[in-house]
Amino acid sequence: MGLICLWRRPQLIRCLLISRPIDEDPGLKRHVDRCRGCSEALRDYQCFDSVLKSHAPYELSSEFNAGLARRIATAVSLAPNERAGARTGLRAVSGLQLAAGLACVGGLILWACASIGRSERPETESDKGRIVWVKSPPHPAEKSNTKLAGRNQRPPSVGSGLVEPPKSPSLERLTVRRLHHRGRSMAKRSMRIHRLYDVHLRPDAPVDLQADGSAVGARELFISLVAPPWHETADAYAQIGDEPAARDAYAREYERDGNVEAAIRAGEFSAAAGDPASELQYCAFALTANR
Amino acid sequence: MQSMAMAQPASEDTDATLADAARAGDTAAFAKLVDRYRDTAFAYANAHVRYRDEAEDIVQEAFVRAFVSLPGIQSSRSWGAWLMRIVRNLCHDSLRRHRSRPSEPLDETWPDDRPGPETSLLVMETGQEVRRAVLDLPEKLRIPMLMHYAYRRSHREIALALGVPETTVVGRLTTALQRLRRRMGCVR
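Residue numbers (the numbering used here), protein chains in the order written: chain A, 1 to 291; chain B, 292 to 479.
Chain B with its partners taken away, still in its complex shape (with noise of 0.2 Å):
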């Protein structure tokens, strides 16, 4: 699914009106809400917590708490920014309460270790490695890897998702191709 998220054409409602709607009782502009950053959120969440399941409730808790706090909110243009922060303090919450969790597997991360048909066998041999080496890499330059490569998500949601400007994510996705290729030497 494509998102939607940041890329608001003016002929489309802005998360303002959207919310403001919302907010009034209108259960359709909430749903709209969702469905422009339900993916941004879930990319953050698994590329953070590396369960699928686990990320899916918290995105799915960071929504439930969206929409009882619509009326209490006091300036709905934000509202974006506002839900990923819900969404990164879940997260955190929930690392907290899993610190002595082992190690995370690999295809909880990744969205399907099955090459398509025109992927050779040595690219996914060579992917599994690339792959690990993108796991291996500290948080604050896996989450941007993970949303940009597994998530397919663009630099402005990453950036909204991070709550970091774009530049910043393009530096990261910088820096760790560089290490990745330090890392990973002769892979070619």
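Chain A on its own, in the form it takes in the complex (with noise of 0.2 Å):
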């Protein structure tokens, strides 16, 4: 079936449906008288066409108008009382989705009452080792001041670098929750790039602060865009009381950019991990670095 025929075969079963002769349209003439598959086709839609139609149309019965009139009369008899009960049934329905929805709506507020009360709960014995007061990111300025935040310290006062507790307890609260959360999402990230750092690139030896930075590979070049810079990581894990990965953390950046103020703190954190020949190496490099 060519082209033609395949756009001229709807235009002969319209034809046919609206029961205008096909001399009408020349063109089509035309080609039906040609084309040996059209002239076939038409054929057949005529054949369709007549057995189809070669019954009586179906009528309705003659009972219909008589039944009709009947149940429109008991409709109507029945119209007001069927009406009022069709509305106490919607509102019993009413009534019944209303409760379901109200008790849903209460369960969800109990439920978030439960959830706060959890969270808002005074300190317990078993919270103290798991609870962490939230450190905020130092600024440049006070990063000489800032002191190490230990596992469950409390900040001490404002302009250590520690975040001012608010004068409410509820917003206190709140806000600590808040830097909790983002502290512990921060060095989760962290501890999925330092694991992969781990696994490629870490030596097992200690960090080697002579080695030069610029020797390290592609993989490493890519894991430094990736990851947030080593003061923020160590920062980050010193949120969550990881002193050993936060001193790690101080010494890749002081090994990277010879910053004293990261080996400082590296010597810090490797007191508060309770290595002390480490604090002393990280001071030595740190007066070497001044010198």
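Read the hints as simulated data drawn from the structure, not as lab findings.
Just so you know, even glycine gets a beta-carbon here, dropped at the ideal spot from N, CA and C.
Stretches of chain A that chain B covers, calculated by requiring three or more beta carbons in the stretch to come under 8 Å of a beta carbon on chain B:
| hint | segment |
| --- | --- |
| 1 | 6-13 |
| 2 | 33-46 |
| 3 | 59-69 |
Every beta carbon over 12 Å from chain B, so not counted as near; a handful from chain A, in silico:
| hint | residue |
| --- | --- |
| 4 | G27 |
| 5 | L28 |
| 6 | A100 |
| 7 | L102 |
| 8 | C104 |
| 9 | V105 |
| 10 | C113 |
| 11 | D257 |
| 12 | N259 |
| 13 | E261 |
| 14 | I264 |
| 15 | D275 |
| 16 | A284 |
| 17 | L287 |
| 18 | T288 |
Using the hints, put the two chains back together into the complex; each one sits in its own frame.
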């Protein structure tokens, strides 16, 4: 079947459907005369048309009107009661749905209250090992004054690089929770990148501060691009109380940038981690660099 | 009975006029509306549910609902379309209720299987095959085919019943005939 036939066949059927003779369309007539396929199709469609129309049209039964009149009369006589019943039913259904909806909302409120109560309950002995006071990111100017915020250590005062406790206790808790959450998520990300770094790049030996950072390969370059700066990573570790990791992170920053402050912080975290030898080593590096 | 649906000469009352009169309590006006639309509604219902008694019941129920709801309708201009919407909804409800119904009998869908005096045996045999093929078409094509051939509804009436434009009806009929020819293949 050619393209012209594809175009002409629906026209043939439309002529048949609207009972229009094909002769009225000279182009169609000429095509049907020339094309054997289309003339056969026309005969088929005419055959279908005649076969399908070979019956008398379907008609309604003679009792339709009488039955309809009876039903309308019944409906009109019952309409007020039925409508009242329907309204009552609707109210009953609506009442049920409303009750179910209220129960759901009440349950949600109770659940929310319970979860808030759980999170705001007083600190217990078992919580002490898990709750970590959150330290804000240190401002560059305050870096030198910042002190290590150890596990469960509360912020001492304003201006020390730690979060100022809000006046309202609830606001304080909220702020602490938010900061805690932010620190945790950042630490998680850092840990992921660190793990990648540990697996692929970090040597088994302790961090070699004499190593030339520029000699590190493309993979570390990639990690350095996707990872947060080392001091931020160290802060994140410090916020969750992982002093050895914080020490390593500051050591990395010193290794890369030669930042004396980083060496000092690494020493501080070594002390916090209970490693006085590393503390001395980092302090020595800091002194050497100053000289 | 020749339907008068959608064919409203200027001398005749329009749907809006009749519906307004019926709303004011003129039962004769409502009877005219029934006479105008019942065949189209029945054609659609029977083509859809394929049971004559049930189709008549659906059409009666649709008219009863329309009558009861007359005081509440906003605009009586498209009364026919509104009635057909009721019929369509009732048909869908009916099919949903009887989803597990077995295959429908042929003689409930086509008007009369007995051939007329001028019908030859060949045409009769062929007719049975063609009708079976029509019933096997998808619903979208089957209903307009049945309304057009079994109930002799015009394209405008089919369009009104289906709630689609008239051109869509012609297109569906064209597609249905093409599929029918492909299905029958050797039928002449």
